[in-house]
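So the sequence lines, in the order shown, correspond to chains A and B. Just so you know, we're using my numbering here: the first sequence kicks off at 1 and counts up by one. Just so you know, we're using my numbering here: the second sequence kicks off at 1 and counts up by one.
Heads up, some of the hints might be wrong.
Unchecked claim - DEER-style ranges, computed between Cβ atoms:
| hint | chain 1 | residue 1 | chain 2 | residue 2 | range |
| --- | --- | --- | --- | --- | --- |
| 1 | A | ALA331 | B | SER194 | 48 to 58 Å |
| 2 | B | GLY255 | A | LYS303 | 52 to 62 Å |
| 3 | B | ALA257 | A | PRO150 | 27 to 37 Å |
| 4 | A | PRO59 | B | ARG309 | 48 to 58 Å |
| 5 | B | GLY255 | A | ASP298 | 41 to 51 Å |
| 6 | B | SER192 | A | PRO150 | 24 to 34 Å |
Because the hints were derived from the structure by calculation, they are not lab data. Given the structure is predicted, the values throughout are model-derived calculations rather than measurements. For each residue, glycine too, the CB sits at the ideal point set by N, CA and C.
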Amino acid sequence: MTGTIVKSNERKLTIARSMAEALAQEMRIDPTVFVMGEDIGTLGGIYGNTRGLIEEFGPERVRDTPISETGFIGAAVGAAQDGMRPVVELMFVDFFGVCFDAIYNLMAKNIYFSGGHLKVPMVLMTSTGGGYSDGGQHSQCLYGTFAHLPGMKVVAPSNAYDAKGLMTAALRDDSPVVYMYHKGLQGMGWLGTEPGATVHVPEDSYTVEIGKAKVVREGRDVTIVSLGIGVHHALKAADTLAQQNVSAEVVDLRSLVPLDRDTIRASVAKTGRLIVVDEDYHSFGVSAEVIASVVEHDLSVLKAAPVRVAYPDVPIPYARVMEQFCLPNPAKIVAAWAQMAA
Amino acid sequence: MTPSRDELAWMYRNMVLSRRLEETISKIYFEGKTPVFNMANGPIPGEMHLSNGQEPVAVGVCAHLTAEDIVTATHRPHHQAIAKGVDLDAMVAEIFGKATGLSGGRGGHMHLFDPKVNFACSGIIAQGLGPAVGAALSRKLRGLPGVAVAFIGDGAANQGAFHEAMNLAAVWKLPFVCVIEDNSWGISVPKSASTAVARNDVRAAAYGIPGHYVAGNDPLAIYEVAGEAIARARAGAGPTLIECETYRLAGHFMGDAEAYRPKGEKEALFAADPIPKMRARLLAEFGFSEDELVAAEGAAADRVAAAIRFARDSADPRPEDALTAVFA
Numbered sequence: 001m002t003g004t005i006v007k008s009n010e011r012k013l014t015i016a017r018s019m020a021e022a023l024a025q026e027m028r029i030d031p032t033v034f035v036m037g038e039d040i041g042t043l044g045g046i047y048g049n050t051r052g053l054i055e056e057f058g059p060e061r062v063r064d065t066p067i068s069e070t071g072f073i074g075a076a077v078g079a080a081q082d083g084m085r086p087v088v089e090l091m092f093v094d095f096f097g098v099c100f101d102a103i104y105n106l107m108a109k110n111i112y113f114s115g116g117h118l119k120v121p122m123v124l125m126t127s128t129g130g131g132y133s134d135g136g137q138h139s140q141c142l143y144g145t146f147a148h149l150p151g152m153k154v155v156a157p158s159n160a161y162d163a164k165g166l167m168t169a170a171l172r173d174d175s176p177v178v179y180m181y182h183k184g185l186q187g188m189g190w191l192g193t194e195p196g197a198t199v200h201v202p203e204d205s206y207t208v209e210i211g212k213a214k215v216v217r218e219g220r221d222v223t224i225v226s227l228g229i230g231v232h233h234a235l236k237a238a239d240t241l242a243q244q245n246v247s248a249e250v251v252d253l254r255s256l257v258p259l260d261r262d263t264i265r266a267s268v269a270k271t272g273r274l275i276v277v278d279e280d281y282h283s284f285g286v287s288a289e290v291i292a293s294v295v296e297h298d299l300s301v302l303k304a305a306p307v308r309v310a311y312p313d314v315p316i317p318y319a320r321v322m323e324q325f326c327l328p329n330p331a332k333i334v335a336a337w338a339q340m341a342a
Numbered sequence: 001m002t003p004s005r006d007e008l009a010w011m012y013r014n015m016v017l018s019r020r021l022e023e024t025i026s027k028i029y030f031e032g033k034t035p036v037f038n039m040a041n042g043p044i045p046g047e048m049h050l051s052n053g054q055e056p057v058a059v060g061v062c063a064h065l066t067a068e069d070i071v072t073a074t075h076r077p078h079h080q081a082i083a084k085g086v087d088l089d090a091m092v093a094e095i096f097g098k099a100t101g102l103s104g105g106r107g108g109h110m111h112l113f114d115p116k117v118n119f120a121c122s123g124i125i126a127q128g129l130g131p132a133v134g135a136a137l138s139r140k141l142r143g144l145p146g147v148a149v150a151f152i153g154d155g156a157a158n159q160g161a162f163h164e165a166m167n168l169a170a171v172w173k174l175p176f177v178c179v180i181e182d183n184s185w186g187i188s189v190p191k192s193a194s195t196a197v198a199r200n201d202v203r204a205a206a207y208g209i210p211g212h213y214v215a216g217n218d219p220l221a222i223y224e225v226a227g228e229a230i231a232r233a234r235a236g237a238g239p240t241l242i243e244c245e246t247y248r249l250a251g252h253f254m255g256d257a258e259a260y261r262p263k264g265e266k267e268a269l270f271a272a273d274p275i276p277k278m279r280a281r282l283l284a285e286f287g288f289s290e291d292e293l294v295a296a297e298g299a300a301a302d303r304v305a306a307a308i309r310f311a312r313d314s315a316d317p318r319p320e321d322a323l324t325a326v327f328a
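Working from the sequences, and respecting the hints, build out all of it.
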């Protein structure tokens with residue numbers, strides 16, 4: 001952001017700090033909110049999103065857990081059903097493999113199994129994303145895996161403003177919310193950080209409505225739909241395309257469940273072209289769902305076949321050149337436009 | 001710790017109520033399923049896991065609980081639901097998949113939820129442990145009364161979730177009791193072939209908490225041990241692990257041919273049926289009269305008949321209501 005004029009009232013926060021701020025503000029006004037997870041206490045979270053909480057709220061409400069994801073996520077479901085508002089952290093989304101029963105057979109289904117008589121107000125925070133050579137069990141996004149299964153709301157912020165507002169909204173929701181934050185956006189220097197994610201965040205508490213996408217750049221010729229870090233790739237690609245006199249509109253989904261199909265459809269109705277950028281796997285996922293939202297609604301708006309820029313259907317490789325080859329990036333989006341316009 | 005006369009009457013009444021319900025369900029279950037057995041047919045479709053024979057564990061434990069305490073149960077939940085005070089009409093209607101059921105037909109017999117008495121169950125082995133531990137944590141954090149009891153089967157002690165939940169409950173010293181119903185079978189696999197220790201109570205040592213084994217499927221012995229554990233939990237002294245020997249008089253589910261049982265086992269189990277045994281003890285040792293017990297048995301049969309009638313007379317859910325209640 002060098003060269004930007006910083007306004008005097010600007011208060012730039014990283015996503016990590018804005019998540020922690022939302023948690024702290026809600027914990028101050030709602031004694032039923034508490035946080036559990038691995039290394040979320042004294043350490044403040046591997047990704048900084050619980051920093052400062054244990055100092056203010058103590059170890060009862062900011063509980064370091066044993067490495068027992070099945071145990072403490074299952075416990076959060078029981079606490080939520082009993083009237084609390086637990087927040088749990090699954091350190092890497094990849095670790096869902098050891099605890100998915102607690103997530104999708106318990107957390108996601110108990111409201112339904114109770115016929116709506118129970119609330120399950122809990123937030124499952126989890127880190128996503130690669131790009132830093134952490135190998136195939138610490139680099140996935142798995143957005144589609146979670147969004148596919150009914151009973152969980154799913155959000156994925158691309159910047160600190162949305163991160164705070166979505167967290168506050170999630171904490172106040174009576175249904176379980178999976179809060180998927182991308183490591184490359186967290187503002188942790190050691191992970192390499194997308195500067196565009198660190199934005200002005202109002203100090204006062206506010207919510208960003210779950211289930212509402214946002215047009216973050218208006219354009220006429222093509223709609224680029226993405227989420228999380230992909231939004232930043234899309235914005236960079238839009239800058240490049242603008243130099244080619246192509247006007248790209250960028251839609252930040254912000255939520256996957258509920259999916260704001262109306263905003264996607266309205267944008268594509270205007271531009272006639274659709275590129276979906278998703279760091280999750282290519283097949284059976286978010287990118288297909290976004291395209292289906294358009295084509296099953298009104299095929300006639302499309303001037304060209306939609307294109308996906310997504311992660312190939314392979315486990316995530318370690319070697320830097322291999323991983324970077326697989327990841328979405330602005331150049332691939334520009335190339336997708338070229339393919340579409342040809 | 002000995003149950004009072006009222007508690008004894010309550011325990012017997014609930015054992016009989018559960019047994020009458022399951023006997024009735026087991027007849028209705030085959031409506032529409034003969035001559036060709038198809039699980040999808042009849043007024044009660046799907047799997048049906050009966051708990052008959054295991055009633056002593058439910059009443060021996062739940063005699064110490066009130067509505068504010070929490071129980072999580074298993075895929076075999078009827079006896080525990082009854083002992084916890086789940087509304088019988090709504091429970092039976094749920095088993096019939098009716099609109100008046102506990103969850104309007106969305107759950108079925110493995111997913112009985114009654115928040116009014118803090119009862120929930122789950123179809124996945126060992127899955128109730130985490131939520132029970134979490135409910136116990138909720139009470140401890142808020143300084144509210146209440147003990148959480150997770151009922152599981154002996155097979156569940158071999159699940160990873162068991163270890164995680166027990167450790168969590170112990171390290172956080174929560175008001176929690178795990179009650180293992182040891183019916184010695186995991187569907188067709190005997191406990192001796194699945195479990196490295198003969199008794200799961202010894203596993204309590206791994207968590208630094210008390211462990212007890214109660215032999216004999218004896219409701220009074222279970223009452224005594226559970227009473228100590230629940231009192232301990234209420235006093236803030238932390239969790240206890242209890243394993244109770246019990247017997248599954250039926251198959252794993254209805255339709256199970258039970259060819260895996262050794263010859264003579266069923267006959268021996270029925271000879272040791274805990275309900276006639278308790279009946280005899282109430283008469284011989286506790287001063288109950290024959291008339292009293294006959295009246296209790298009659299009342300149980302009437303209550304079951306009324307619940308079945310309620311369920312049969314209730315409307316099916318509107319199909320499109322399947323699309324509601326996904327979120328709160």
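Handout entry: List of violated hint numbers, smallest to largest
Key = 6
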